[in-house]
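These protein sequence lines map, in sequence, to chains A and B. Letter by letter, the first sequence follows residues 19 to 335 in my numbering. Letter by letter, the second sequence follows residues 249 to 696 in my numbering.
To be clear, the hints were calculated from the coordinates, so they are not data collected in a lab. Each residue gets a CB set at the ideal place from its N, CA and C atoms; glycine is no exception. Keep in mind that a hint or two might mislead.
[To be verified] Have a look at the derived ranges for each label pair, beta carbon to beta carbon: (1) B:Thr-422 / A:Gly-170: 35 to 41 Å; (2) B:Lys-314 / A:Tyr-89: 44 to 50 Å; (3) B:Gly-627 / A:Gly-170: 46 to 52 Å; (4) A:Trp-33 / B:Ser-333: 38 to 44 Å; (5) A:Tyr-89 / B:Gln-673: 27 to 33 Å; (6) B:Asp-323 / A:Tyr-220: 51 to 57 Å; (7) A:Pro-63 / B:Ser-689: 45 to 51 Å.
[As the list claims (entries may be wrong)] No more than 25 Å apart at the CA atoms, straight line, and that leaves these computed lysine-lysine pairs for DSS-like: (8) A:Lys-97 / B:Lys-663; (9) B:Lys-477 / B:Lys-552; (10) B:Lys-552 / A:Lys-97.
[Unchecked claim] A few chain A residues that don't get close to chain B, going by computed Cβ distances all over 12 Å: (11) Ala-34; (12) Lys-97; (13) Thr-148; (14) Leu-158; (15) Pro-216; (16) Val-239; (17) Leu-250; (18) Asn-256; (19) Gln-259.
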Amino acid sequence: MHPLDMSRKSRVRRWARGFRDRDTWAAYGFMTPWLIGFVVFLGGPMIISLVLSFTDYDGLRESSNVGFANYEQLLSDPKIRRSLANTVIYAIMIVPGTMIVALGLAMMLSRVGRRSAGVFRTLFYLPEVTPKVAVGVLFLMLFNGQVGLVNGALGLVGIDGPDWSTDPAWVKPGLALMHIWSVGGTVIIYLAALNNVPRDLYEAAELDGVSGWQRFRHITVPMISHALFFTLIVQTINALQTFDEAYAAFYGSSASATYSSDAALFYLVYLFQQAFQFLHMGYASAMAWLLFVVIMVITVIQIKVSKRFVHYEGGDR
Amino acid sequence: MSMRFPRVAALSAATALVLAGCGGVGGGDDEGAGGAVTLTTMGFGLGDEIATVRADLANKAIEPAKVKVSENAFDPQQFLSAVASDNPPDLVYMGREKLGTYAARGTIEPLENCVEKEGIDLDQFRDPALAEITLDGKLYGLPEFYNNRVMLINDPSVQSAGLTPDDVDPSDRTKLATVTDQLTKRNGDKLTRIGFDPKIPEFLPVWAKANGVDMISEDGRTANLDDPKIISALEYTVGLIDKQGGWGSFKAFRDSFDLFGDKNPFATDQLAAFPMEDWYLNVLADVSPDAKFTVKPFTDEQGKAIDFVTGSAWAIPAAAKHKDQACKWIKTMTDSQTWIAAAEARVEKRKSEGKPFTGVYTGNEVADEKIFGELVQLGDTPVYDNAVKGVLEAQESAFSLPASPASSEFETAWKDAVNRVLSGQQSPADAMKQAQEEAQSALDNAAK
Numbered sequence: 019m020h021p022l023d024m025s026r027k028s029r030v031r032r033w034a035r036g037f038r039d040r041d042t043w044a045a046y047g048f049m050t051p052w053l054i055g056f057v058v059f060l061g062g063p064m065i066i067s068l069v070l071s072f073t074d075y076d077g078l079r080e081s082s083n084v085g086f087a088n089y090e091q092l093l094s095d096p097k098i099r100r101s102l103a104n105t106v107i108y109a110i111m112i113v114p115g116t117m118i119v120a121l122g123l124a125m126m127l128s129r130v131g132r133r134s135a136g137v138f139r140t141l142f143y144l145p146e147v148t149p150k151v152a153v154g155v156l157f158l159m160l161f162n163g164q165v166g167l168v169n170g171a172l173g174l175v176g177i178d179g180p181d182w183s184t185d186p187a188w189v190k191p192g193l194a195l196m197h198i199w200s201v202g203g204t205v206i207i208y209l210a211a212l213n214n215v216p217r218d219l220y221e222a223a224e225l226d227g228v229s230g231w232q233r234f235r236h237i238t239v240p241m242i243s244h245a246l247f248f249t250l251i252v253q254t255i256n257a258l259q260t261f262d263e264a265y266a267a268f269y270g271s272s273a274s275a276t277y278s279s280d281a282a283l284f285y286l287v288y289l290f291q292q293a294f295q296f297l298h299m300g301y302a303s304a305m306a307w308l309l310f311v312v313i314m315v316i317t318v319i320q321i322k323v324s325k326r327f328v329h330y331e332g333g334d335r
Numbered sequence: 249m250s251m252r253f254p255r256v257a258a259l260s261a262a263t264a265l266v267l268a269g270c271g272g273v274g275g276g277d278d279e280g281a282g283g284a285v286t287l288t289t290m291g292f293g294l295g296d297e298i299a300t301v302r303a304d305l306a307n308k309a310i311e312p313a314k315v316k317v318s319e320n321a322f323d324p325q326q327f328l329s330a331v332a333s334d335n336p337p338d339l340v341y342m343g344r345e346k347l348g349t350y351a352a353r354g355t356i357e358p359l360e361n362c363v364e365k366e367g368i369d370l371d372q373f374r375d376p377a378l379a380e381i382t383l384d385g386k387l388y389g390l391p392e393f394y395n396n397r398v399m400l401i402n403d404p405s406v407q408s409a410g411l412t413p414d415d416v417d418p419s420d421r422t423k424l425a426t427v428t429d430q431l432t433k434r435n436g437d438k439l440t441r442i443g444f445d446p447k448i449p450e451f452l453p454v455w456a457k458a459n460g461v462d463m464i465s466e467d468g469r470t471a472n473l474d475d476p477k478i479i480s481a482l483e484y485t486v487g488l489i490d491k492q493g494g495w496g497s498f499k500a501f502r503d504s505f506d507l508f509g510d511k512n513p514f515a516t517d518q519l520a521a522f523p524m525e526d527w528y529l530n531v532l533a534d535v536s537p538d539a540k541f542t543v544k545p546f547t548d549e550q551g552k553a554i555d556f557v558t559g560s561a562w563a564i565p566a567a568a569k570h571k572d573q574a575c576k577w578i579k580t581m582t583d584s585q586t587w588i589a590a591a592e593a594r595v596e597k598r599k600s601e602g603k604p605f606t607g608v609y610t611g612n613e614v615a616d617e618k619i620f621g622e623l624v625q626l627g628d629t630p631v632y633d634n635a636v637k638g639v640l641e642a643q644e645s646a647f648s649l650p651a652s653p654a655s656s657e658f659e660t661a662w663k664d665a666v667n668r669v670l671s672g673q674q675s676p677a678d679a680m681k682q683a684q685e686e687a688q689s690a691l692d693n694a695a696k
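Extracted from the complex, chain B is given alone in its bound form (with noise of 0.2 Å):
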């Protein structure tokens, strides 16, 4: 065989693996069709009518220029790539709680300008929603879901312990654990149904607020994750968790709920009570439709109502390409009429299906008026009437934890705590001590 070929296979294959290699997913066209601009973003997803409704109102608004929706979650290192190779998306969607440690480093465009220019109106959105994007007085985003946390108690459960729904009362926490107790089952040593799940570490915020203190200044720059009032809460908490066997078969029971389909564990009894987000509401109407249950505030210990909102919010990043029409996008994604024409939307969507509409809770205050005031329309279900109604009352006792210029570190920290202490490896105390050092030095650091 001529030696001819070898050589010349090796250097195409050399060749193509370079070009291969050297072919990125770079930046999209500053320009399409017709001269056009297309925006890109990151972390957002067209996945049902509230998504499409809007994406198409906003996309409207910004004509000729069009959005290139990524389809994704928000990935961290993804964004951390782009903004250091100097191509970021034009707009960015990520969990509030997280846009505080960009803002910080300057990633992160402030909004004054976009919400002068284009008229926005801020007093139309929810103040827990803007304080947990608002870093040193400058508003980074805006908002757009409002996940509230209220008490959610599966009825059939609690009646079947000879209980009712009022029982079930976190402003009494000697009864609580009384109640904890008398909910829980057990076949043998093996969990059947859980009896009220405190569900820390995520809702210690709730606890901490319960026990009247906050878990991080107002300002986000001083953790207070050591306050005994924590602990005790943490220690409580804890202790509902040890009533029902401990954590490994708690988490291990837990972890085998078919949280999102009809087997969910309202439906099969596994769990009498716990403190969840509003968007369950919106799963049971969608698979257990006649599931009987009921929704109230969560509360202190004098009964006053208390609900920890988080929920996502749209950036865009201090070197986008195109920041005029995305401050359009995001305000019209963000207005209380696209909101609207999403709901009316998802209500034929329920119509068509015969299920319920519970609304959908924005941090858009104007377009909640609308929702819950002419959209919802539950007469003939009065379970999901009654559960909304309890999110509605809980949302006038919403608090949300500040922005921080090191949210990530200080949400790690206090997460971690309880993990250690939930698995015997720590006490409360020890715990929370650690975390505190750990969340105040990130944000020492961060702060110079």
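In isolation and in its complexed conformation, chain A is listed as follows (with noise of 0.2 Å):
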């Protein structure tokens, strides 16, 4: 027998053997509500949603299968190009501006004491739990062009700032600065990730002679290169699902929606528009499909790359 099915084997074996110990039980028990949750509130919808991108389902009347128009419509749709590049700017935007402002002030949190870095960590998480609509509409007053806070500020150290929430090329700007506000999720990941360096490491470096750069660059991101990787996952994905924060600024409410602006259309919110404001809910299933492809596609991509550059203690990857 091929060795690799040998090990399979015992990995088999072990796992069918964990369940004669009650703890196991115990913790699929625990395990069951989110299994089911999964099955009825996302593995059912996604199967229907894949059925229903082959109709003209409008959630109101009796839909007829259409084959593969929905998927037809999607390429020779404007927007739909423009929402996929409008949502892929603001990934690239966004994902290395929360990672780099994340681990800076990570770094910094770890330099402090232990009592002000329950402070500090309290602060930074704050943002966090700020809904997205409120940020959404927090957006049009902090970045008005005319009175807004930030252009004052800007204004300070005399720089005319743009018209954030007009201007189609500063709106994806501006909102990617407020999402960077909120890094407090991915700025605990990255502490812990610190906190579990070996010290002796940078003692030893700091024997060598080691520049702190040089720290940085060969210890510190090295060995905290699991965690980086695991928020550049969660952020890629999170910024392609982005929706709350855009649709609260510029398409939620009747006088927002009368202002909308081309730059904030999101795919989810194009996907959004199409579902419940124009009721093409066969054709939304289809836009819904060709973000998870996309999702994926990036994902396992960055899995892929991963491989050179992540480190994983015990060497497991």
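Work from the hints to combine the two standalone chains into their complex.
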């Protein structure tokens, strides 16, 4: 027998043996609600949306099969290209932005005393618990080109701030800045990873006269690469699913929808419009599957690339 | 510790979560105490005396049945979910412009039977309001409010520029552009007063009508968005905004207005003139009762009054469970006597606050005759007296956009087009050409 088959069989045996232990049953018991939720509220709707994507379902009437028409329409709809481009550009802004800012804050926090670190951790985490819809509304107030706080602050240093909420070139950067404001969760992850880096590595490097940048480059980054990788994946998926802030700021109410901006037409916003505003549920389902495929492809690429860069303690990858 | 505890805890947690997940916010009981049915609503709130007085009367009309008001704004997602799960509300309240989309898909009950059974007098309703909710000759709702668009001119702002309210005249486009320049105030490169706000995208139908064209055909099936006269209207109105510093600073300044407070743009001299919906008179009467302003109809280039009207309507979902009671309820809610009772309550409230009562503009002509003929007494406040007269004058020339099976896509198409022009992404001609293609494609698909 092939050694790989042997190893697989032994893993299966080990897994099955686990059920002799009552703790295993308890663990599965605790997991059951999530598993049921996954099947009922995620798996089921996913399968149904796949079926709907081949129909002209409008949410109100009987539907009929339209074959691949919805998928063909995806290719010819200019708003799909526009919204996908908006979303990808936005992701390119916020994923590295969030990671860099969060890492910087985490490194600062790792240097302050334990008591003050707790205070700062709480402060940095507060924006994370602010509802995204509120963030969207706050965006319009803070980034108002005429009387907003952001341009007021820029004005103090002699910079004439842009019209963040109306100039198509500045809508996404403005929203990205608002998003990066909520980095608390990522900071906590990085802080935990930084605290797990063995101190003796730094001490040895210091004895060897290694500079601060080199210590960061050759010790810190490799040792927390698993955390960086995790947040990269999660942030990318979140960025590609951006909805709440943009919708609240530019599409949520009749007043904001009146002055909507093409620059804030993110993919999920357009999907929502198609599904619930224009009643094209079949087409929206096809859009959802396209996004699923895009996210899968990006994630797989990230995982493949990460194998070269991500270091896991103990050697597991 | 005994192993029994984690297993029992896990099982309990699982059961609780599953049950919690299964327990939803389903429809109410069909029968309440004493065997009376309870009707549900969507999109309506009892926010003021105009709503509560009418709702009380409508509730009495259907006793022993009851109505549970959901106190929310109309939410398309919620309505869609309710209809798709075969659990629609008995009554739905939404903007009249939205009704056609749902009616075309068979979701809304045509009201012929309701009108006949309850003897509803349709002649009491204003024709433009009925046109918005009549698709392919069938009536799908009963109209409520009647929002008129009129010119509002801030007298002190105009006078401070050495002008009179008559100088703000939409019939003379060249002069209006000059007057806009004269009324606009800046501090350095910051706008401190908008001279004239043409209110686009939302008032584009007014400007189009003033140029002699409709944005959609009377049957709601053919878009007319790339008509040269609409493109010309868009060019002109965007030009007015450009004169005042361009869309970015114009909108940013406008977004900073405290529209509903005592620091409103009229009170703070931030705005000289704009076409606006009549409800803003009530706001000013409430927060700036001493404001000095002029109201007059918007006009075309020949000086003929134009009034673009919209509003809300009551409708009954096709799958509603209690259609008879729902019909009686909406009949009462929109009946002239009900409106008059609500207006009387508002008069009393205003009197107790020492503020003027500027009327309630309804889709019911009979009610309006009584409200504005008897209840509105503004002799002591000539500013509001003239304002109300201005709205009533405009009402005589009202038009609405007809019901359409793809109203939402149609509206999104032209509003997005205007926004693209305002943000400098497209020329008016290109934007309206694209809007025409998008809108017509949506209308054609909806007709299939």
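How the hints compare with the structure:
Take B:Thr-422 and A:Gly-170: their Cβ atoms lie about 38 Å apart, and the range 35 to 41 Å holds. About 48 Å separates the C-beta atoms of B:Lys-314 and A:Tyr-89, a value consistent with the hinted range of 44 to 50 Å. Restraint check, B:Gly-627 to A:Gly-170: a C-beta distance of roughly 47 Å satisfies the suggested window 46 to 52 Å. Checked against the given bound of 38 to 44 Å, the beta carbons of A:Trp-33 and B:Ser-333, roughly 40 Å apart, stay inside it.
Judged by the Cβ atoms, the range 27 to 33 Å given for A:Tyr-89 and B:Gln-673 holds: they are separated by roughly 28 Å. At about 55 Å, the CB distance of B:Asp-323 to A:Tyr-220 agrees with the hint of 51 to 57 Å. Separation of A:Pro-63 from B:Ser-689 is about 29 Å and departs from the stated range, judged on CB atoms against 45 to 51 Å. A hinted pair counts as satisfied when its Cα atoms are at most 25 Å apart, and A:Lys-97 with B:Lys-663 qualifies at roughly 15 Å.
Using a Cα cut-off of 25 Å, the hinted pair B:Lys-477 and B:Lys-552 holds, with the two alpha carbons roughly 17 Å apart. Simply put, B:Lys-552 and A:Lys-97 have alpha-carbon atoms about 40 Å apart, too far for the 25 Å limit, and the pair is violated. Listed as a non-interface residue, A:Ala-34 keeps its Cβ farther than 12 Å from every Cβ of chain B; the least gap is roughly 19 Å. Not every CB of chain B is more than 12 Å from the CB of A:Lys-97 (nearest about 9 Å), against its label as outside the interface.
Every beta carbon of chain B lies more than 12 Å from that of A:Thr-148, the smallest distance being close to 21 Å; the non-interface claim holds. For A:Leu-158, the non-interface assignment is contradicted: its Cβ lies about 7 Å from the closest Cβ of chain B, within the 12 Å cut-off. Even its closest Cβ contact with chain B, about 35 Å, leaves A:Pro-216 beyond 12 Å, as expected for a residue assigned away from the interface. Residue-level check passed: A:Val-239 sits 40 Å from the nearest beta carbon of chain B, beyond 12 Å.
Its beta-carbon lying about 31 Å from the closest one in chain B, A:Leu-250 satisfies the requirement of being farther than 12 Å from that chain. The beta carbon of A:Asn-256 sits about 22 Å from the closest Cβ of chain B, which is more than 12 Å, so the claim that it is off the interface holds. Separation of A:Gln-259 from chain B is adequate, the least Cβ-Cβ distance of about 17 Å exceeding the 12 Å criterion.
In summary, the structure is inconsistent with hints 7, 10, 12 and 14 from the numbered list given earlier, while agreeing with the others.
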